[in-house]
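K.L.:
I would like the entire structure built from these sequences, with the hints used as guidance.
Chains as they are written, first to last, in our numbering: chain D, 1 to 345; chain A, 1001 to 1374; chain Y, 2001 to 2186.
Please keep in mind that the hints were generated in silico from the structure rather than gathered at the bench.
Note that CB positions come from ideal geometry on N, CA and C, so glycine has one too.
One should not assume that every hint holds.
[Said to hold, decoys possible] Within a straight-line C-alpha distance of at most 30 Å, the following computed DSSO-like cross-link-like pairs (lysine-lysine) qualify:
1) A:1298 with Y:2068
2) D:326 with A:1197
3) Y:2092 with A:1304
4) Y:2046 with A:1235
[Stated by the list, open to error] These stretches of chain Y come out as covered by chain A in the derived footprint (C-beta under 8 Å, 3 or more residues):
5) 2023-2031
6) 2052-2060
7) 2106-2115
8) 2133-2145
[What the hints assert, rightly or not] Examples of chain A residues toward chain D, derived with CB under 10 Å:
9) 1012
10) 1013
11) 1035
12) 1122
13) 1125
14) 1132
15) 1196
16) 1354
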Amino acid sequence: MEALLQYLSENISGYGQLPVFVQYLLPMLLACVLCLALAALFGLVAVWVERKVAAHMQDRLGPMRVGGWHGWAQTLADGVKLLLKEDIIPAQADKALFKLAPIVVFLGGFASLLVLPFGQRVIVSDLNIGVLYVVAISSFGVVGIIMAGWASNNKYALFGGMRAAAQIVSYEIPAVLAILTVVIPVGSLSMQEIVKAQEGGWLGIGNWFVFKPITFIAFFVYYLASLAEVNRTPFDIPEAESELVAGYHTEYSGMRFAFFMLAEYLNMFVVSAVATTLFLGGWNSPVLAGPAAFMVKAVALVFVQMWLRWTLPRLRVDQLMYVSWKVLLPASLVLVIGAGALAVL
Amino acid sequence: MQVEAYEGEDMILNMGPQHPSTHGVLRLELKTDGEIVQRIVPHIGYLHRCFEKHAENVDYPGVIPYADRMDYIASMNNSLGYALAVEKLMGIQVNERVKTIRVIVAELNRIASHLLSIGTYAMDIGAYTPFLHCFREREKILDLFEWTCGARLLYNYNWVGGLSHDLPDGFVEKARQFLKEFEPVIVEENNLLSFNKIFIERTANVGVLSKEMALSYNVTGPNLRGSGVQWDLRKDIPYCGYETYTFEVPVGLGKFGSLGSCWDRYYVRVREMEESVKLIRQALDRLPEGDVQEHVPKRVKPPKGEVFGRSETPRGELGYYIISDGGTNPFRVKVKSPCFTALSVLPEISKGQMVADIIAVIGSIDIVMGELDR
Amino acid sequence: MKTAPEILQVLQDKFPGKIIKSDMSVIDPFAVVDAGALLEMCVFLKDDPGLAFDSLMCLSGVDYKGLKGEAERIEVVYHLFSMKHRHAFVLKVQLPRENPSLATVETVWAIANWHEREAYDMFGIRFEGHSDLRRILCPDDWEGYPLRKDYEQPETYRGMPARAAKQFVEMANEGLEVGTNPFKAG
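P.N.:
What follows is the structure, encoded as structure tokens:
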């Protein structure tokens, strides 16, 4: 955002004469619009990519007709369809919570876009507590899921909501501990600092945290925990389609359902972007450093998430809890101690 | 009917007739304490189409399309059982060509049925991809059937005394080609699904059916063999010339977890597909010449009497109890459906399991509501 | 493995006078037994090590009405099989058509529970001592016993028509107007 402010004040004559709050308001609004555009566009493209990836893994073709070339406009068409659907709210549902839930879930992912470092100066706000902010805000989504489950007045939705709460809260801990193993060597919570600490190195990528001993394992711990955070298979119990019809979003239709889907894909992007920033060097790259490199890495991680979804079966609730508390948590504790030891020595 | 006292903590969850995983219209009333299921009451009859009453109003060959529609996934085996029973009653001996073709189509249908069962089971557990791989192979089998008798799913193929259509020219080559393409797919599915650690954790030690309970509840077919009982009608009371073929009967071994778990039943089906491939190859090799309608009587009028004929369908032993009064219509046709007996075990084997496990158990019993409700 | 006459002999020795008639010459040899002795006989057939009928293959109800030369009755037919010895046998019990009732064998073979529910649903046979005798295939509040020969379809069920509507072909042949016309009222 600083970059935007600088750009505007240099290129628009008379910018300095505007009232101060307007001078700051304009870049903020612009950044907000850009983030929204990114969220929406990413959702659009990600749904299409998921359908194509799923199709090719299942030995079929996927969308082929809408828009001509390989059905690229399929999501657009679906979005329009969902917009035009009747807005059904169950009679006994808690109306206020029902309407609020998708927004809260979306908010959890959207607000995290604030601190993602896309490039050296392409970041909305380089908070010096960037990592803490991301962790805190992404937990917002759980509240929305529980609201959706409760407000639907439907036993299946309630089941889904409860399962989601248990799952996400349990997996937060190994995820945060894995993040800590990166924060300790860098010594700062700011996202840009973490990216700068991964500059240079052998072949331009040697300093990435994923190639260093402790953080190598922490990367996998974080990736697995983040899969559970975003409710993706093998951890997609809350929306286990074949068991609970559709889990916490059973009663949602039309644009509200679209919001849930958008939120899910946005969350996928956010956790992949955080993993890229922390472990894969952020926007550093031997060739074409900057936003392009960042997006390539984040999208690659999103692709791996999709790959896992269409390959693996689903874990049962208690097995999920077992993995979190008895496997990932001890592993991440050991890693944090190891990272601390390495930093001291 | 007694009304039970309803404690405050328990929840009555209805897995209603419309549900993605109940394999048809089955209603399960679950009484759960959180995630643990304490009691299940299955309610069936949503697909009851009065097969037994219809059978009394049509003539003997006219019952065969109705019989197809009971277990619509393996309908060659349904009509085979009926045709064998009536032939036993009338004393008709069919020729070798008819017997061999009957074995070929019955085993092809067994593969198709098991593919569907495995694919949908995987989908219930959460792995979406094997479903499409299995259906791709099933399409090839259905294409073969469509070429032979014009129908993809409900064939009216096994007639009393013979078959409705002979195999077309080139069927043997196409069938051999299908078998060649199919064998690597079983290996691929084993790598993808059967020995996948997550799948094993979901299915081993779940829904354990002991041998004694299986026998008492008259569970048959892969469900019984999954519990370790070596019993297959094709080997023990052979029909249609099965005694002249070499094949094995796979039995659950308790490789992962207790014997008689969902994994055992699932794996028995996978192995049965491999054995069916062997059977089809042998039958294709020895296919003799002949006229498939040689012994089809002009009017099917069995003498007064009754017969109980059983055959081994992909889901178990299908029994037809046919009473003839000497006329052209049967007097009574009672069907003993294998899925009926298999589902009756469900309340016993799912006590104390979680809701997610119930899905796994139902999928592993492999029920088709058409056959259950008739 | 015992032959059917041998099994019949064992039964006759153990339960003298309870076997009303039998026929060993048909495809599935059967014995018609006295309704009161059925449960005892089934327990014996299952527990006796020489017979060991551990599997109830099928439990059927049959309504004999309108058949020339046969008395009007409802029969319950038990097809028994022994997995151990590989022999089969058929027991039949004859009951009057009004209020047929019989002891349950669900304590002997657990599958009889569901089979007897179906016999009750379709024929109206009451099984004494059954733990949960209610309809299984028809809805719980259905009236009538469908597989009886004199069964009449009810006109309505809970307000919905329960009979097949007249076929359009029949209506057209009678000269009635068939189908719907969007331009006509009513």
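K.L.:
Next step is simple, just say for each hint if it's right about the structure.
P.N.:
Okay, the hints, checked on the actual structure:
no.: 1; hint: A:1298 with Y:2068; verdict: 25 Å, holds
no.: 2; hint: D:326 with A:1197; verdict: 17 Å, holds
no.: 3; hint: Y:2092 with A:1304; verdict: 17 Å, holds
no.: 4; hint: Y:2046 with A:1235; verdict: 24 Å, holds
no.: 5; hint: 2023-2031; verdict: holds (count 3)
no.: 6; hint: 2052-2060; verdict: holds (count 6)
no.: 7; hint: 2106-2115; verdict: holds (count 5)
no.: 8; hint: 2133-2145; verdict: holds (count 6)
no.: 9; hint: 1012; verdict: 9 Å, holds
no.: 10; hint: 1013; verdict: 6 Å, holds
no.: 11; hint: 1035; verdict: 6 Å, holds
no.: 12; hint: 1122; verdict: 7 Å, holds
no.: 13; hint: 1125; verdict: 4 Å, holds
no.: 14; hint: 1132; verdict: 4 Å, holds
no.: 15; hint: 1196; verdict: 7 Å, holds
no.: 16; hint: 1354; verdict: 7 Å, holds
Against the hints set out earlier in the document, no violation occurs for any number.
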